[in-house]
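A.B. asks: Chains as they are written, first to last, in the working numbering: chain A, 389 to 759; chain B, 389 to 759.
Among these hints, one or two may not hold up.
As the list makes no split between identical chains, a pair holds if one copy fits it or if it spans any two.
[Stated by the list, open to error] Pairs of lysine-lysine, BS3-like flavour, derived with a Cα cap of 30 Å:
(1) K699 x K498
(2) K699 x K516
(3) K516 x K393
(4) K393 x K490
(5) K393 x K498
No lab work stands behind these hints: they were computed from the structure.
Predicted model only: the values in this text are computed from it and were never measured.
Take a look at the letters that make up each chain.
2 protein chains.
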Amino acid sequence: MSPWKAANVGDHVNTIDTPALLLDMDAFEHNLNRMMSALDRHGVRLRPHAKSHKCPQIALRQIALGAVGICCQKVSEAAVFVEAGVNNVLITNEIVGQTKLKHLMDLAAKAQIGVLVDHASQIDALAKAAHLRGVTLDVYVEVNVGANRCGVSPGLAAYELAEQISSTENLRFAGLHCYQGTAQHMRLPTQRAQAIAAAAQAALDTRTLIEARGIPVQTITGAGTGTFMLERDSGIYTELQAGSYIFMDSDYGRNELSENEVSFQNSLFVLTTVMSRPSEEQAIVDAGLKASSVDSGMPIVWQRDDLQYVKASDEHGVIATPDGDSLSLESRLMLIPGHCDPTVNLYDDIICVRGEVVEAVWPISARGALL
Amino acid sequence: MSPWKAANVGDHVNTIDTPALLLDMDAFEHNLNRMMSALDRHGVRLRPHAKSHKCPQIALRQIALGAVGICCQKVSEAAVFVEAGVNNVLITNEIVGQTKLKHLMDLAAKAQIGVLVDHASQIDALAKAAHLRGVTLDVYVEVNVGANRCGVSPGLAAYELAEQISSTENLRFAGLHCYQGTAQHMRLPTQRAQAIAAAAQAALDTRTLIEARGIPVQTITGAGTGTFMLERDSGIYTELQAGSYIFMDSDYGRNELSENEVSFQNSLFVLTTVMSRPSEEQAIVDAGLKASSVDSGMPIVWQRDDLQYVKASDEHGVIATPDGDSLSLESRLMLIPGHCDPTVNLYDDIICVRGEVVEAVWPISARGALL
């Protein structure tokens, strides 16, 4: 990591070293509150996904505002948050292998931990490890509700796993994980509505079947920033996992919103500096693909429709400047990353800015927690 | 970062937690030696690019084998290597802004530091900062030899900057930076040969013009893993900057090699585990786009032509398994990353493996050094 930080508390924004990851605190707090008010009196809980921010300070704020806990993707990621005081984590993944199971059970001894399964052998392995450690674990059956990634088919296959969990010591059948990931970036509201209607129907069918056979399904969890209002209004989902809403990014910005959909503000930026101005047609900035993940497209230059970030190499970004001399050496630009989650994962700290002043520097403590 | 490491020295490879970044030491050492023998008695120096590995242990090995120093892309990256004992670093970038210049001069007080310029105002700012700190800096003029990124045009524009540097106290005109980056991944040998012939001609023309006006051009530096033999044989380049040769990746693997081109071995892998087997057609592994950068394409499954890594989300990878049941839960696969540099930048450590044993765990100390 860099031997020095991009900024310190109290610095003026003009002195922040670049490239740096900025959080606009006003926009961030607007997003936090907007989500809570969108869920108010709808009878659904928020369990935001912490893979987006990997930052305990953010998780603790979300919980203070009413989130029941957080989601993580990895055992080591969850461990960072538990260490920081988060006592309720759902790991939205299947966890296999002795090493990971041991770490998972160590966590379950300290906090309420949930985990997913989509195969009988995973349940056996979880039970054995939980028994050995003397802990109890919340186990959710992952159901494939249309994303075609992990998960069993809706219906009987899910019941069989639920039944196995229910009859196993040290495990508690907590509910169904029904995340429709591919719906999040469908561009049209009608496409998203159709996908989530199908997901909710699959979840309902599965819940009905399981409960008809005598096993209560307490929780149906899923949803992301692109569709959470659909799951909220489904009457089926009880817990929502949206994560990106706190930051937003240019890929989410390409979603067309219907009239009644809540919009969030861009709060996450990569601050970058023009380091070379080789021609009238282009400027080169110091933020490349190690500063802004390009898996979901190039970043967008904030509030500069005249400029286009056209190409990224490791540590260079090429900005097309069709209007010529509007940028000079040392000009600073704000970029909206293409995809917030993997961009945040490139930084050790997030520089929290209010107005023109650095208000805080928060460590992204779970950055790189891949295990 | 993860509170625990993927492996410790002495561990068997089968116990390495995943996803983990592996270095096959035999292949790595083969590559190190292969490069040195390829350059032996050709009158060119090697200054390998450390942006690929960001690992002092690797840089020190390269130097022990004969490299004259290293290249870095960032001031903070260079600082990590200087701190680790590397005393000769060329920062292959324009450095602008007071904060960066101050850190740069602090480095120049400890080691031989070079830097690029492509504008007169950069030279003025470097001179002022160097004078203030009482240090002398090597300054190279970056010439655009075909990559169309940074750099002045060949010829007179380069002379003007060289003349300005030569007549400025605290700065030493060290030569020309003539890196043709876009040639590295041209697929056909004839394309690469043509691109580097043009780059070498531009470098020669520029050197001739500058020297005719009385300023010696000591060094012409450039080249990457895709073309280094062409620069080696050009009679023009004196220093080569190849970096990826130590690791290789699937993007370099798509370059077609001519008969006389040196080939390197894949030494860098992402070890991953099957965590879900939702259908006959696909397996889900625990390495997604936070474990293997997809900017240059999906990873390739090592020595498993029957398997294709088809899709990455944050922490999931989808493997198409057309032959059905060949993979079970907990199966482990080795992935060749699409692009080595940004993949290495996702990890805190590289697990060095010889045969079936972990021989070392090297910190990737300059990971995330973006400033």
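A.B. asks: Please go over all the hints and tell whether each is borne out by the structure.
C.D. replies: Evaluation of the provided hints:
1. K699 x K498: So K699 and K498 fail the 30 Å test inside a copy (46 Å) and across (35 Å) alike.
2. K699 x K516: neither (50 Å within a copy, 32 Å between copies)
3. K516 x K393: This pair counts as between: shortest inter-copy Cα distance 24 Å, intra-copy 45 Å.
4. K393 x K490: between (35 Å within a copy, 14 Å between copies)
5. K393 x K498: between (33 Å within a copy, 20 Å between copies)
Violated hints, in rising order: 1 and 2; the structure is consistent with all others.
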